[in-house]
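Start from the sequences, fold in the hints, and give me the full structure.
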Amino acid sequence: MAKFDRTIGTLRFTEATDLSIPTLSILDSEGKLRKDAQAPAIDKETALKIYRDMTYIRVLDERMLAAQRQGRLSFYLTCTGEEAAVVGSIAGFADRDMVMAQYREQAALRYRGFTSEQFMNQMLSNDLDLGKGRQMPVHYGSRELNYMTISSTLATQIPQAAGYAYGQKLSGNDACTVCYFGDGAASEGDFHAGLNMAAVLNCPVVFVVRNNGYAISTPISEQFAGDGIAPRGVGYGIKTIRVDGNDILAVYAASVAARKLAIDGSAPVMIETMSYRLGAHSTSDDPTSYRNAEEEQLWAEKDPISRMRKWLLGKGWWSDQQEHQLKDNYKKEILDALKSQEKRPTPSLNDLISDVYQTPPQHLQQQYAELQQHIDKYPDHYLANPAKANGTYLSASVQLP
Amino acid sequence: MAQINLLQAVNSALDTAMDTDDRVICLGEDIGKFGGVFRATSDLQDKYGKARCFNTPITEQGIVGFSIGLAAQGSVAVAEIQFADYIFPAFDQIVNEAAKFRYRSGDQFNCGGLTIRAPYGGGISGGLYHSQSPEAHFCHTPGLKVVIPSTAYQAKGLLLAAIRDPDPVIFFEPKAIYRAEVGEVPETDYVLPLGVAEVVTQGSDITLVGWGAQMHQLHRASNMAAKDGISCEVIDLRTLLPWDVDTVAQSVGKTGRLIISHEAPRTGGFAGEVSATIQERCFLSLEAPIMRITGMDTPFPLVFEKEYMPDYLKVYEAIKASVNF
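Protein chains in written order, with our numbering: chain D, 1 to 401; chain G, 1001 to 1325.
Mixed in with the good hints, there may be bad ones.
Stretch-level coverage of chain D by chain G, calculated; a stretch enters the list once three of its residues show a Cβ under 8 Å from a Cβ in chain G [unchecked claim]: (1) 17–23; (2) 133–139; (3) 221–233; (4) 265–275; (5) 376–384.
Pulled a few chain D residues facing chain G out of the computed Cβ check, cut under 10 Å [to be verified]: (6) GLY184; (7) VAL200; (8) GLN358; (9) PRO361.
Since the hints were made in silico from the structure, they are not lab data.
For each residue, glycine too, the CB sits at the ideal point set by N, CA and C.
Right under this line is the structure:
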């Protein structure tokens, strides 16, 4: 029997359109408050941190894209166009909250304090990479910053986030988990499993769905037939809100409220951020073959960073001079970090077998010894850093789904 | 005959299959207008329409389950899993459903029209999740066939055979040599038999067995050994399940030595199966222990990919060790 039982005598099917979920919008395209909108409480310091980190990520993405084209790293993936969706959401959480992201949320990691050197160490697979040179660029992770290491596999973090949040609730440490994923990942079985378990087991987890229009080449019209992802949250019994993902105040307001609901109410919450992937899926992708320039231009005009800048300028919290200085500083900081960190050596060869288990078992130690003997015979052939070799072997191209 | 690469040969096989049989349907992530992330399905949607070549939502278990249903209904489903590393959400559908569909129903129902294509293997700086060789997982599943081509000619002939085979087939494509592997491929329709290995190079001193991209390493090692006066017989298994025991046993009966090589980790890898079977069949002919040159028992690495890989130098050293045993 359904939970909210209601009997009627007329035959009628409920349609997708019966559940119409509105989109929260607070700032208009000119960065002004909408007449009927209520702005969230946000202090100048927080607002400027959000703005700086959005700008930082835009600059980082531009610089790394260029560096990839120069063959200085094997692969890259931008979050251009979705900066407000990511920074606006993470800003609503506490640093002790766990982040379980997909792979396009580098801006959340920056907000937590990841440094330019740390970004570079991961992308360049050098000896200071926290992941020990084991994953492709952009698969960051930081125990210190409560940012779970990224996996390429889609949606696997969703049920994990429910479990992590359940554990947080039991340990009573007044923390929750924020779980990011995209509109494509929401088609995976793990999405449905994760949402249902989170709801049934009352887990303090906030799901942030970045609906950015495309999963590689597949438009949302071929990804789902319903009204976006939000109604699915409602279907699983989860409090759900849809926001304009390019409106920093709408994203921030929803996130602050969602965290409170999750922790105070011991329950999952879902936020669907409506935005657009302005860049390619990754450096392996060319969107010109599946979408048109007019559509891209339309969304470029809705740029979330310039919308926030207009709002900040209107409040007198920001100036054009500060803007130029900020960008120049970030460009220099990022290029300096790239230059210094790419000179660093690779991790130790022993990292090939460490961490497979807590302690390498005997058979693995033996394989390692055999490898070392083999390398000794051909010392010139091995131990060059492939991350700097433009990521191609023969002529296949790498693609992150 | 046209010189085309392995990827174009896959495309040609799909084109031929769709052209010769209206029941053939291609489905998978980004395979429609875009033609797949590697372009294996280029132009097929334009040619055969959206109903027969289409994008699916991102759900591997959905893609395979849907394809099993299609096949059970009488269609011929050719499903693409974007990377073999992402086949695992579909593991239940493949192992518990596709593999047992005919058996559990007493042959009232079958999904023999199902073929699952997936690019596999390392060599492209893909790290943990764009490099794996998961063939052994599926070779442990009765009811499936597992096929891996190493050349453009094989790719077309074997894929057409897989699509037309009466049983479900997993067809792993060596993505590292998608474009580098070029050869003469007939534009006409042809099939190569499943379950039959190919003796690529005749030799007398030692037998080298492999499949897919690893064949390149075996050929290179064989050429190095030839300069030392060692004659290698190189066998491409082509089909792993069911595999051609007779061809390998016959070869080892002649050479007395065997090396099996694959990129996947050693423990539980398919080389173990080949080694055990040949030891049973050829015990009295063996002059040296059968050797396995494989990936290490670690997740697939990134920065130490080259060190992890069972490359031609490791195979060459093994050849010398075996001959000098």
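Here's how the hints hold up against the structure:
1. Given a C-beta distance limit of less than 8 Å, the hint that chain G covers the region 17–23 of chain D is violated, as 0 residues qualify and 3 are needed.
2. Three residues within the 8 Å Cβ limit are the bar, and the region 133–139 of chain D against chain G gives 5, so the coverage statement holds.
3. For the region 221–233 of chain D, the proposed coverage by chain G is satisfied: 3 residues have a C-beta within less than 8 Å of a C-beta in that chain, meeting the threshold of three.
4. Counting residues of the region 265–275 of chain D whose beta carbon lies closer than 8 Å to any beta carbon of chain G gives 0, which falls below the threshold of three, so the coverage claim is violated.
5. Only residues whose C-beta sits within less than 8 Å of a C-beta in chain G count toward coverage, and the region 376–384 of chain D has 6 of them, enough to reach three; the restraint holds.
6. Interface hint status for D:GLY184: upheld, as the beta-carbon distance to the closest one in chain G is roughly 4 Å, under 10 Å.
7. Taking 10 Å as the C-beta contact cut-off toward chain G, the hint placing D:VAL200 at the interface is violated, the least distance being around 21 Å.
8. Hint status for D:GLN358 relative to chain G: violated, with the closest Cβ pair at about 14 Å, above 10 Å.
9. Restraint check, D:PRO361 versus chain G: the minimum CB separation of about 8 Å is within 10 Å; hint holds.
In this structure, the earlier hints numbered 1, 4, 7, 8 are contradicted, and the remaining ones agree with it.
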